[in-house]
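Chains as they are written, first to last, in the working numbering: chain A, -15 to 312; chain B, 89 to 415.
Derived from the structure by calculation, the hints contain no laboratory data. Glycine included, each C-beta is placed from N, C-alpha and C at the ideal position. Where hints are given, some of them may not hold.
[What the hints assert, rightly or not] Derived Cβ-Cβ restraints for the label pairs, each shown as a range:
#  : chain 1 : residue 1 : chain 2 : residue 2 : range
1  : B       : 234       : A       : 81        : 53 to 61 Å
2  : B       : 100       : A       : 92        : 25 to 33 Å
3  : A       : 103       : B       : 100       : 26 to 34 Å
4  : B       : 269       : A       : 104       : 34 to 42 Å
5  : B       : 397       : A       : 274       : 47 to 55 Å
6  : A       : 78        : B       : 117       : 50 to 58 Å
7  : B       : 329       : A       : 274       : 42 to 50 Å
8  : A       : 186       : B       : 284       : 18 to 26 Å
9  : B       : 370       : A       : 103       : 32 to 40 Å
10 : B       : 110       : A       : 129       : 23 to 31 Å
11 : A       : 3         : B       : 170       : 47 to 55 Å
12 : B       : 227       : A       : 103       : 25 to 33 Å
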Amino acid sequence: MMQRLLQSRGLAQIIALLVILALDRAVSPQFFDLRMQDGRLFGSLIDVLNRGAPVALLSLGMVLVIATRGIDLSVGAVMAIAGAIAASLADAHGMPVALAAALGAGLLCGLWNGFLVAVLGIQPIVATLILMVAGRGVAQLITEGRIVTFTAPDLVWLGNGAVLGVPAPVAVELGMLVITGAVVRGSALGLLIEATGGNARASELAGIGTRAMILAVYVWCGLCAALAGIIAAADIMGADANNAGLWLELDAILAVVIGGTSLFGGRFSLVLAMVGALIIQAMNTGILLSGYPPEFNLLVKAAVVLVVLLLQSPRFASAGAVLGRARQ
Amino acid sequence: MRGLPPVAITAMVFVAGFALCTAQFPNFASTRVAANLLTDNAFLGIVATGMTFVIISGGIDLSVGSVIGFTTVFVALAIERLGVPPLVAFAAILLLCAAFGAAMGAIIHVFDMPPFIVTLAGMFLARGASFLMSTESTPITAPLYSTVSDFALRLPGGGRLTAIALIMLAVVAAGAALLHFTRFGANVYALGGSRATTALMGIPVGSMTVRIYMLSSVLAGLAGIVFSFYTAAGYSLSAVGVELDSIAAVVIGGTLLTGGQGSVAGTLLGVLIQGLIQTYINFDGTLSSWWTKIVTGILLFAFIALQQAMLGIASRAGPRKAGVLKS
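Next up, chain A with everything else stripped away, as it sits in the complex (with noise of 0.2 Å):
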């Protein structure tokens, strides 16, 4: 029972990502070509999946926040923190002590965005905007408002390489995903995570450490927005403290939306928000190789956010009562 739930569940995902698929392969007939060059596979396909990186890790640490009817506002800026901090670190001192600084940035981003949270009990929406709003200005401050380049070949690697002719990044992302799923999954921490967001009271009522909940899924969303700024900026082998990740919270968030993930928390599937990111990336990709401006983009993503909020609703579920909701 619980299995046919899951599949049918996902199938919405799939049959969507498989359709911009095919509009993708229909605007550019190449879409679908893969070749080896230099012991590392090129294609659209790959690029999709590689360029939706950064987006697709940020998902995986949002879906959890989400799933305990939180939100995180601030993965841009911490993303755009952990890259400055990685690119000012790794010329002189090496990748181990730069990856590690980064990587410790956005533990304590996420410790900071839990402590708030969990501990102080501030809604997720406004204990976040705190770091977005100042996550920014001390990215700048690290970079000196500049764009720090840097030239470390084992950090540019996790940007450019490649692991058995599968992109770094990529690799990351599935890496992350297995990790986090076997962390999540083969344990009871989901269930309790799912608990926490169905009702924090009732879970804590049951013996649930809600509070410690709520503080490891902020510490892992951080730690996946690091690592999501480290990729950005190895990508490009430069932080950008005013660019890097901007936005980027939205598309996460939308990611896990598109999976089926409720905002309402209780309920979640990190392999759909993952498909949810592949979905985004599948349309802006499509969108540039079919000739339109990307300023279409917004729009798309606009109409899908709304189309897939109606289809979520509750009282969307039968059309009379929302015409009689209407009525009134």
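Since the structure of chain A is already known, use the hints to place chain B on it.
Using the frame of chain A, we list chain B on its own:
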């Protein structure tokens, strides 16, 4: 809770900040600086007034920055490309904004969806539509624009109270009157206190929601017109991130983000505090603009923590709900 209203704290922060600036730069305490503070933040003051209504009613409007951008492009193209008289263009865009806000409010109410995500879609829509109209900055050369920008009330001490500053002050005054002295305003507070109770009291929750978001969008449109006066151009990338600035201004102004409490006067102070930080940075000359964001973030945290502490005292009974998304 009764001791000191949040607005008083905001006012004290502003006065202290101004005194600090004056101590460092003796020229700071002039009507010139004060008038510029009002002019430079005129559009933010207008849009934050609308945001105050939305937040007090328990909602949030993320679309305002995009609506400002859309408005500047629409006005510029209508006047410059189509030759529409400016006043007709203004009327048209305000009507359009009203319809836009009403649509968002209706979706929020009818489908019972979180305002956050509905206005997020509105933000994408308005920004995308302005990109579609034009991606280039269009200068506006209509005679009305130079008339307006030349107009100013001269203050003693060399300050110039410009037309857009006066418009902002008028909007703030009208907003305060609407919020504090009318039935509409009382209903806004009631909605923020409790939606269910408000509905049981017989207040039409649906039409209130529609009207509140309509007000916010119309004021965002007006802010866009003022912004186009300020820059004499229409540009689709203008006012990116203004929604955050205005939410920050509202919160620093002492309005409760959970709704039910707040004031327009506080919001004006919140706007002026942000302007003050910017002006200080300009005076200093060595600090960079990113300090604005950091200091705004710190103030934001201080005020939210303050609110939380006050709420904690007010509702000692019962444990807090952790991690609840406002809907």
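Hint check against the structure, violated hint numbers in rising order:
Hints 7, 11 and 12 contradicted; others consistent.
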